[in-house]
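Participant: Just so you know, the sequences run in chain order W and G. Counting from 1, one number per residue, gives the positions in the first sequence under the working numbering. Counting from 1001, one number per residue, gives the positions in the second sequence under the working numbering.
Hint data in this document are derived by calculation from the structure and do not stem from the laboratory. Small disclaimer: the values here were computed from a predicted structure and weren't measured. Just so you know, even glycine gets a beta-carbon here, dropped at the ideal spot from N, CA and C. Treat the hints with care, since some could be wrong.
Here are the simulated PhoX-like cross-link-like pairs (lysine-lysine), alpha carbons at most 20 Å apart as the crow flies [as the list claims (entries may be wrong)]:
hint	chain 1	residue 1	chain 2	residue 2
1	G	Lys1026	G	Lys1237
2	G	Lys1335	W	Lys280
3	G	Lys1026	G	Lys1015
4	G	Lys1341	W	Lys195
5	G	Lys1026	W	Lys195
Covered by chain W, according to a simulated footprint, are these stretches of chain G (three or more residues, beta-carbon under 8 Å) [as the list claims (entries may be wrong)]:
hint	segment
6	1106 to 1117
7	1138 to 1146
8	1162 to 1170
9	1320 to 1333
Under 8 Å between C-beta atoms, here's a sample of chain W residues computed to sit facing chain G [unchecked claim]:
hint	residue
10	Leu25
11	Ala50
12	Asn51
13	Thr56
14	Pro57
15	Ala59
16	Ala67
17	Met70
18	His97
19	Asn103
20	Thr105
21	Pro165
22	Asp166
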Amino acid sequence: MTNITLLEAVTQALAYELAHDENVLVFGEDVGLNGGVFRATDGLQKRFGANRVMDTPLAESMIAGLAIGMAAQGLKPVAEFQFMGFSYPALDNILNHAARLRNRTRGRLQCPAVFRMPFGGGIHAPEHHSESTEALYAHIPGLQVVIPSSPARAYGLLLAAIRSPDPVIFLEPKRIYRLVKQDVPDNGVALPLEKAFVLREGSDLTLISWGASMHETQQAAEVLAEEGISAEIIDIASIKPLDTETILCSLNKTGRCVIVHEAAKSGGVGAEIAAQIGEKALFSLLAPIQRVTGYDSTMPYFKLEHSYIPSVARIVHAAKSTVGFS
Amino acid sequence: MTIATFTIDYHQYLKPDGTLSQPLPKDLDHNALLKLYRLMHLLRVFDGRAINLQRVGKLGTYPGNIGQEAIGAAIGHAMQADDVLVPYYRDCAAQYQRGAPFHKILQYWGGDERGSDFNNAEDFPICVPIAAQSVIASGVAAAIKYRQQKRAVVTTIGEGGTSEGDFYEAMNVAGAWNLPVVFVVNNNQWAISVPRSAQTQTQTIAQKAIATGFSGEQVDGNDIIALHERIRMALDKARNGGGPTLIEAITYRLCDHTTADDANRYRSKEELDMAWQVEPLVRLRAYFTAQTVWDDSKEEALLLECRKEIDKEVDIYLNIKPAPVTDIVDYMYAKWPESLKDQRETLLQFGDSHHD
Chain W
1 MTNITLLEAV TQALAYELAH DENVLVFGED VGLNGGVFRA TDGLQKRFGA NRVMDTPLAE
61 SMIAGLAIGM AAQGLKPVAE FQFMGFSYPA LDNILNHAAR LRNRTRGRLQ CPAVFRMPFG
121 GGIHAPEHHS ESTEALYAHI PGLQVVIPSS PARAYGLLLA AIRSPDPVIF LEPKRIYRLV
181 KQDVPDNGVA LPLEKAFVLR EGSDLTLISW GASMHETQQA AEVLAEEGIS AEIIDIASIK
241 PLDTETILCS LNKTGRCVIV HEAAKSGGVG AEIAAQIGEK ALFSLLAPIQ RVTGYDSTMP
301 YFKLEHSYIP SVARIVHAAK STVGFS
Chain G
1001 MTIATFTIDY HQYLKPDGTL SQPLPKDLDH NALLKLYRLM HLLRVFDGRA INLQRVGKLG
1061 TYPGNIGQEA IGAAIGHAMQ ADDVLVPYYR DCAAQYQRGA PFHKILQYWG GDERGSDFNN
1121 AEDFPICVPI AAQSVIASGV AAAIKYRQQK RAVVTTIGEG GTSEGDFYEA MNVAGAWNLP
1181 VVFVVNNNQW AISVPRSAQT QTQTIAQKAI ATGFSGEQVD GNDIIALHER IRMALDKARN
1241 GGGPTLIEAI TYRLCDHTTA DDANRYRSKE ELDMAWQVEP LVRLRAYFTA QTVWDDSKEE
1301 ALLLECRKEI DKEVDIYLNI KPAPVTDIVD YMYAKWPESL KDQRETLLQF GDSHHD
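Generate coordinates for the entire structure from the input sequences, incorporating the hints supplied.
Facilitator: Structure representation (structure tokens):
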């Protein structure tokens, strides 16, 4: 057994796929000798060679284009963007080409590429290094958007992402990169994409989140438990496509729900989840759905970032008012 | 102290009057040239039909190739079957030679995605957003290099597109990684209404390659012989580990940008009339005539044959049955997500309701 962090689980998954599939290539800025700015690709170039783990020139749109061209040739490129806030020059290629290639050729070409991006705040990083703009990608038909929140899910979901025949945006919650360790056997077993994970069963309300906010969400559930409130916790994990069945199943049981995400509130993925519940489980609801999210502001610089990121107190407050609604 | 200098060569075999400025390259005999001549005519007939189809409401917006036929014709002929084409949207002659019949090209511009499902396993469909194809082409070339295959990629772009960052990023990585890719620029002088002179201050587009570490050259883009020879040489170089090349093909867009454009708004009749004097078909015909391998009756027979072939293609296009409405979703993913199945059901129920 290996006791590893979420970050090390990413490395372990990349190494497993590199070792077992010669079509897998890993590339991006500084991913080679340096092992990436967060060390997610640490040691991979030494182990697998500079023709499989490559430092690219510094150009995000080009990195996306490389991945698309390689994927259309049947390779399985795993491209890294150093930070989500730097991925936008690549949007044209990801949205107009990666996401559309299968459809616009009626399946003649496909794009089995993975675009990895560390995302979210909380690490005292400079401007543009702390964004949570997952809803941008989740809105785009043809993409899958996957966000792990534990070492085991990082390993299993990244394997699944690399093996997927369609493009995956793989968002890594950097605030919890090194937060906890977990035994993650390096057995090459992938987790299903498009599935949410019920992390804790409960009966009074459902807490829904993903990424780094799972950490505060789980802590909030502990606080609530001490006060006799039983919270069910769902890690959405794949925000596109969304596992509505697991969400509705839980809502039919609890009738109450708080959605937690770090991204800005308006037009966030929480809104989509709330809409799905409204469409399909309205009469199961015993209280209005609440969202605990970042604000409709620019991600503040790090002096104030902890005032922006949803706190345990905010989640607990929302949960209590939801449970208290009658 | 000078630490870097460069030169840009200009290549031409066939002068506008149809005489040779240097002997024919040895791999291009009269038969091959006649084939290319026929192909350019075929494309010009096709363009005329496509524009007419648009005018009568049977085709969507269409970007013509008129005046620029030699570029696509040369690319398609110079490439080997296992090379890969990553085109922009004025390369019908190249696509046609590589497995995209004209009815498929019409189908694409007629608003049907199946038009890009043509008989070539690896070539990309045309790229509408400007210059993204350039970086994708470098990706295809990187895959070829990784697999140590003896193949190459051709990607095309207009001269306006060379102002895009993607064009530079693509060339930069192609140079840095010595990738087997040939960048062909169709410099037709106009990016919709913006002339070449307003697009960039650089003396030649070809020299944009110099900054990324490989050679660029200008070729007379109305000279099918020069184009074919230079593209063939660049492909040979790429396949043999010599890395990328930029070819600036200098031509003129004798048509509007697309059927939605009216070039009379921004360019003079005198300029257009002058360009018609140097276009690619006239000079090759003059050459053939001087070689006594061509005459009016042959020309007439050829045109008739081209019209017949295009008539057939148009007929196929006009009789293609609409795709099932579920095609809208069925190719988005390898498998349509279970969680979205209600959307597919709605499509089945209401997808035809606008046609009543």
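Participant: All the hints need checking, so say for each whether the structure fits it.
Facilitator: Now for the hints, and whether the structure bears them out:
1. Lys1026/G - Lys1237/G: 17 Å, holds
2. Lys1335/G - Lys280/W: 23 Å, violated
3. Lys1026/G - Lys1015/G: Measuring from Cα to Cα gives roughly 18 Å; hence the hint holds.
4. Lys1341/G - Lys195/W: 15 Å, holds
5. Lys1026/G - Lys195/W: 62 Å, violated
6. 1106 to 1117: Coverage by chain W holds for the segment 1106 to 1117 of chain G (4 residues, Cβ < 8 Å).
7. 1138 to 1146: holds (count 8)
8. 1162 to 1170: holds (count 4)
9. 1320 to 1333: holds (count 4)
10. Leu25: 7 Å, holds
11. Ala50: Violated - the Cβ of Ala50/W stays beyond 8 Å from chain G, reaching only about 11 Å at its closest.
12. Asn51: At 6 Å from the nearest chain G Cβ, Asn51/W passes the 8 Å test, so the hint holds.
13. Thr56: 7 Å, holds
14. Pro57: It holds, given that the least Cβ distance between Pro57/W and chain G is near 5 Å, below 8 Å.
15. Ala59: At about 4 Å, which falls below the 8 Å cut-off, the nearest Cβ of chain G leaves the hint on Ala59/W intact, so it holds.
16. Ala67: Holds, because the Cβ-Cβ distance from Ala67/W to chain G comes to roughly 6 Å (cut-off 8 Å).
17. Met70: OK, holds: Met70/W within 8 Å of chain G, min 5 Å.
18. His97: Because about 6 Å separates His97/W from the closest Cβ in chain G, which is inside the 8 Å limit, the hint holds.
19. Asn103: With a minimum Cβ separation of about 4 Å from chain G (threshold 8 Å), the hint on Asn103/W holds.
20. Thr105: At about 5 Å, which falls below the 8 Å cut-off, the nearest Cβ of chain G leaves the hint on Thr105/W intact, so it holds.
21. Pro165: Hint holds; Pro165/W Cβ to chain G Cβ min 4 Å, cut 8 Å.
22. Asp166: Holds. Min distance 5 Å.
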